[in-house]
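Trainee: This is what each chain is made of:
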Amino acid sequence: MKALDQKLRRDLWKMKGQALAIALVIASGVATFVMLIGTMHSLNVTRDRFYQDYRFGDVFAPLKRAPDSLAERIRELPGIAYVETRVVADVKLDIPNFSEPVTAKLVSIPDSGDPLLNRLYIRRGRSIDPAKDNEVIVSEAFAEAHRFSPGDRFGAVINGRRKRLVIAGTALSPEFVLQARPGAISPDYRRYAILWMGRTALGTAYNMDGAFNDLVATLEPGAVLDDVLLRLDDILDTYGGLGSYGRADQLSNRFLTEEFKQLQRSAEIFPTVFIAVAAFLLNVVISRTVSTQREQIAALKAFGYSNLAVGVHYIKLVMLIVLIGIAGGIAAGSRLGQGLANIYMEFYRFPFLLYELRLAAVLTAAMITAAAAIAGTVYAVRKAVLLPPAEAMRPEPPAQYRRTTIERLGLGRLLSQPTRIVFRNIERRPFKSLLTVTGISLACAIMIAGTFSKDAVDFMVDVQFRLSQREDMTVTFTDPVSRKALYELKGLQGVEHAEVFRSVPVRMRYEHRTYRTSIRGMDPGGHLHYLLDRQLTPLEPPPDGIVLTDYLGFLLGARPGDLLTIEVLEGERPVRQVPVVGLVNQYIGLMGYMDLSELNRLMREGHAVSGAYLAADQLYQADLYRTLVQMPRVAGTVVRQDEIRNFYDTQAEALLFFTYIASLLAGTIAFGVVYNSARISLAERSRELASLRVLGYTRAEISYIFLGELALFTLTSLPLGFLIGRGIAAYVAHAIESDLFRVPVVVEPRTYALAATVVLVSACLSGLIVRRKLDHLNLVAVLKTKE
Amino acid sequence: MKDSGTVSMRGKGEQETAVVFRTIGLTKVYTMGAVQVHALRGIDLELYAGELVVLLGPSGSGKSTLLNILGGLDTATGGTVFYRDTELTRATEKQLTDYRRFHVGFVFQFYNLIPSLTARENVAAVTEIAQAPMTPEEALGLVNLGERLDHFPSQLSGGEQQRVAIARAISKNPAVLLCDEPTGALDSETGVVVLEALDQVNRRLGTTTVIITHNADIAGMADRVIHLSNGLISEITRNIAKKSPQELHW
Chain A
1 MKALDQKLRR DLWKMKGQAL AIALVIASGV ATFVMLIGTM HSLNVTRDRF
51 YQDYRFGDVF APLKRAPDSL AERIRELPGI AYVETRVVAD VKLDIPNFSE
101 PVTAKLVSIP DSGDPLLNRL YIRRGRSIDP AKDNEVIVSE AFAEAHRFSP
151 GDRFGAVING RRKRLVIAGT ALSPEFVLQA RPGAISPDYR RYAILWMGRT
201 ALGTAYNMDG AFNDLVATLE PGAVLDDVLL RLDDILDTYG GLGSYGRADQ
251 LSNRFLTEEF KQLQRSAEIF PTVFIAVAAF LLNVVISRTV STQREQIAAL
301 KAFGYSNLAV GVHYIKLVML IVLIGIAGGI AAGSRLGQGL ANIYMEFYRF
351 PFLLYELRLA AVLTAAMITA AAAIAGTVYA VRKAVLLPPA EAMRPEPPAQ
401 YRRTTIERLG LGRLLSQPTR IVFRNIERRP FKSLLTVTGI SLACAIMIAG
451 TFSKDAVDFM VDVQFRLSQR EDMTVTFTDP VSRKALYELK GLQGVEHAEV
501 FRSVPVRMRY EHRTYRTSIR GMDPGGHLHY LLDRQLTPLE PPPDGIVLTD
551 YLGFLLGARP GDLLTIEVLE GERPVRQVPV VGLVNQYIGL MGYMDLSELN
601 RLMREGHAVS GAYLAADQLY QADLYRTLVQ MPRVAGTVVR QDEIRNFYDT
651 QAEALLFFTY IASLLAGTIA FGVVYNSARI SLAERSRELA SLRVLGYTRA
701 EISYIFLGEL ALFTLTSLPL GFLIGRGIAA YVAHAIESDL FRVPVVVEPR
751 TYALAATVVL VSACLSGLIV RRKLDHLNLV AVLKTKE
Chain B
788 MKDSGTVSMR GKGEQETAVV FRTIGLTKVY TMGAVQVHAL RGIDLELYAG
838 ELVVLLGPSG SGKSTLLNIL GGLDTATGGT VFYRDTELTR ATEKQLTDYR
888 RFHVGFVFQF YNLIPSLTAR ENVAAVTEIA QAPMTPEEAL GLVNLGERLD
938 HFPSQLSGGE QQRVAIARAI SKNPAVLLCD EPTGALDSET GVVVLEALDQ
988 VNRRLGTTTV IITHNADIAG MADRVIHLSN GLISEITRNI AKKSPQELHW
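If you're matching them up, the sequences are chains A and B in order.
If you're matching positions, the first sequence starts at 1 in my numbering and goes up one per residue.
If you're matching positions, the second sequence starts at 788 in my numbering and goes up one per residue.
Worth double-checking, as some hints may not be accurate.
[Unchecked claim] Using 27 angstroms as the maximum straight-line C-alpha spacing, the simulated DSSO-like pairs for lysine-lysine come out as follows:
#1 A:Lys2 x B:Lys881
#2 A:Lys773 x A:Lys16
#3 A:Lys14 x A:Lys316
#4 A:Lys105 x A:Lys14
#5 B:Lys881 x A:Lys316
#6 A:Lys2 x A:Lys454
#7 A:Lys383 x B:Lys881
#8 A:Lys2 x A:Lys261
#9 A:Lys132 x A:Lys163
The hints are simulated quantities; they were obtained by calculation from the structure and are not laboratory data.
Please work from the sequences and hints to get the whole structure.
Mentor: Following this line, the structure appears as structure tokens:
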């Protein structure tokens, strides 16, 4: 082995503690990168494969009722490849020993049990037996939530009639990867189910013999979606078509797309931030480490080693550390990635997970870190070799110290001698001090950016469910009904107050931009459901015109005063121009709000309502559910408390996992920075400290000088870290906003406190380790070497 | 060094009086903060092949500065330095590196061994990049350290460390050996052992050797003694009867 390589090996071993700390910083950066990019990539691959293998439809069209014979005409439309007609019914379920309201979407499958499109992946049991009219396949998530097995039974109210259903099997479908009730903010596996039933059985139960009310189709290659939708709507218009739409607007797929988009952005931002921070630290740490070898570099040069050879030697040393870090990061990242992907699998119902580590992601992470390390090394080696060797070998001239600002202000007498050393030392090398402080504050910032989402989600839920939606329950009717329904509801036992609303599915158009959503009409003067302005002050629904949620306004590019085109997607399907009169603050969901009578007028209908908000007495809630389940015209009931709990249940695990990982990585980085700063300072100053010891200073006193500086750095870096952390949080929040929800930039004191704690604990730990080294300073050896 | 091949080393006896170094009006000014230190104020000097020269002078007289400039470790402020036909004062970084690599051996007052390498490896670090070097074992044998090959610097005494440094310097068969206070950190007994090693190398290999010292007694072993004071040559003396290192006492 060449002598220099031997030196490399031994040097590495000697600085193993520091090397490990640096490797950990790199590993943290790389692990985040690999974890998130890997997870993202795997989820994408999995989704695409599932969609393809299970023939997910391209076009979806709900309608009132059309004869089966119409399918033939649709099949012949240009651009359409395959068509499958279905019967889809919203039903209420009666689950044994479960008092809360449960609703379900009942979807027909051919009696053969094998749909042409949106095919089912049967997980347990079997498909339906066409000879039995009460068999259903239930969605796996729902079956798991209620611990149902094939053979179990439950009740359902189909078209106002009760029916006992038997579970034949459980299944997954590309159509319901994200199984969320329309209008809900998160999947609810306990209170919302997807059921599949034979076409004949469901047709009979739902009065749809020889007819269909839903259609799925795939497109021929090259077909233009918009043209197909237009032709389809043309045909279905006569049959009560509710507006066909493409995959992009399909509920599960839209959720999935939006969530993946958010994940994708997180997967871009977090690793970038982490790896950038790791790279910065690496650069600083490496260049300082190389600087401490300045005399050896000079000696090598004196023997005739070229600058290049010296540079290569140190790059090799650094690359070894970097490689260890990268390898550790890839190993940890792919493990964590699988863990994260499995958590997402709970959320997104795919039958399988194709976990793939993308080579490009790994290489990118490796290259970024390697480049940062090399840059730091080259910088430091350059600085060292630019000095003529004679100068580099000369002991450094006594550093130029001067009285600190504090002392010049006349406050010097307040400081003890050791304290003066601490301050003078910091003032003498402001740039080095700044780098150390920046490094520690970046660790603190990462911690905040990684964990603030919990605060943001809490705030979001608080605004949405406590300030805006104050109702205890929301009841929706199967069809629009007259206002008289309000009195019926108010008469129920336990209902303290009720307010009606009208909800109309629409397509909004402004200039060339369109968005499919709904308009909600509300009575003025209500106090169960509030609109909020930017300052979160309640607003009345406008007497004329429409208000949009702020992000919808942003998406459409429409501002107050602009004239919006509204295409109603039900009933007569009128198209109207309505002025935008304002924007309201809403973090979850995108929609428009109008005055109820104004909306009725727009629909050219009487006083029709779609549902009601209820304030209910806690005592009677269970009874109230029962009653509502029995009411034939009530399509579903949503309980606010359940919504909140469910939101947390589904989000919590992923959130906690992420917080945990972020803390771990931020802690590692904090430790890496503080420990390395301390070790390098120790290398730079051990002579000075040993001299003080020889002069009679105690261990405690020199520890104070040394660790006091570190403590001062750490404390200074916290407020800076808070600021940077909040900045990154704001950037993250902005980058991941989507149709589904916007994340407010809220960082609670507890998050700052947690970040500070992680940094302080890391600092104390590395302080303790260095303290042990200080206690064992070899006084004689240190003093002997140089004059 | 236009080409390291053209500046080949010459054997002893072939041209006893060939000039190895020539300096003309050499000056060096250090700027330390606000203060300017004139380390060399105009040195005119010739050193000849195969001779052993002692640079004698008190601290701050400019000896180390002169040696470092001769060795290509430092740059001059004014004047010229020739190594044979090459003007070191106009050499590029690459030429200086080659010059140090192939022609000069250094011995420093504080040894400057690489602490993480054994004696053998410290020497190997130089022989690996030299042209036609000795083996590390040979070089260490020359300084009587043949049995301590695998010791780390921390396991060697000061004198032993300095002898490793000498072995390292001579192992490449350099044309010139430049030693900056080689005994400065050693007691006199150990110092003699180190000087013996240098003397032997000078005699056996014919290496032009320059030794810096502030110790006048050591001057006895030199062919010529160059006295420096305050950045100028004050006197050059020639020893008619060279003493062997054993005869030196201080």
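Trainee: If a hint holds in the structure, say so; if it doesn't, say that too.
Mentor: Okay, the hints, checked on the actual structure:
1. Distance hint between lysine 2 (chain A) and lysine 881 (chain B) is fulfilled; the C-alpha atoms sit about 23 angstroms from each other, no more than 27 angstroms.
2. Distance hint between lysine 773 (chain A) and lysine 16 (chain A) is fulfilled; the C-alpha atoms sit about 14 angstroms from each other, no more than 27 angstroms.
3. Restraint check for lysine 14 (chain A) and lysine 316 (chain A): satisfied, since their Cα atoms lie roughly 16 angstroms apart, inside the 27 angstroms limit.
4. Straight-line distance between C-alpha atoms of lysine 105 (chain A) and lysine 14 (chain A) comes to about 67 angstroms, which puts the hinted pair past the 27 angstroms bound.
5. Using a Cα cut-off of 27 angstroms, the hinted pair lysine 881 (chain B) and lysine 316 (chain A) holds, with the two alpha carbons roughly 22 angstroms apart.
6. For the hint pairing lysine 2 (chain A) with lysine 454 (chain A), the CA-to-CA distance comes to about 54 angstroms; that exceeds 27 angstroms, so the pair is violated.
7. Proposed proximity of lysine 383 (chain A) and lysine 881 (chain B) is supported: the alpha carbons are some 17 angstroms apart, at most 27 angstroms.
8. For the proposed pair lysine 2 (chain A) and lysine 261 (chain A), the alpha carbon gap of about 52 angstroms is over 27 angstroms, so the pair is violated.
9. Taking the CA atoms of lysine 132 (chain A) and lysine 163 (chain A), the gap is about 13 angstroms. The hint holds against a cut of 27 angstroms.
The structure shown violates the earlier hints numbered 4, 6 and 8.
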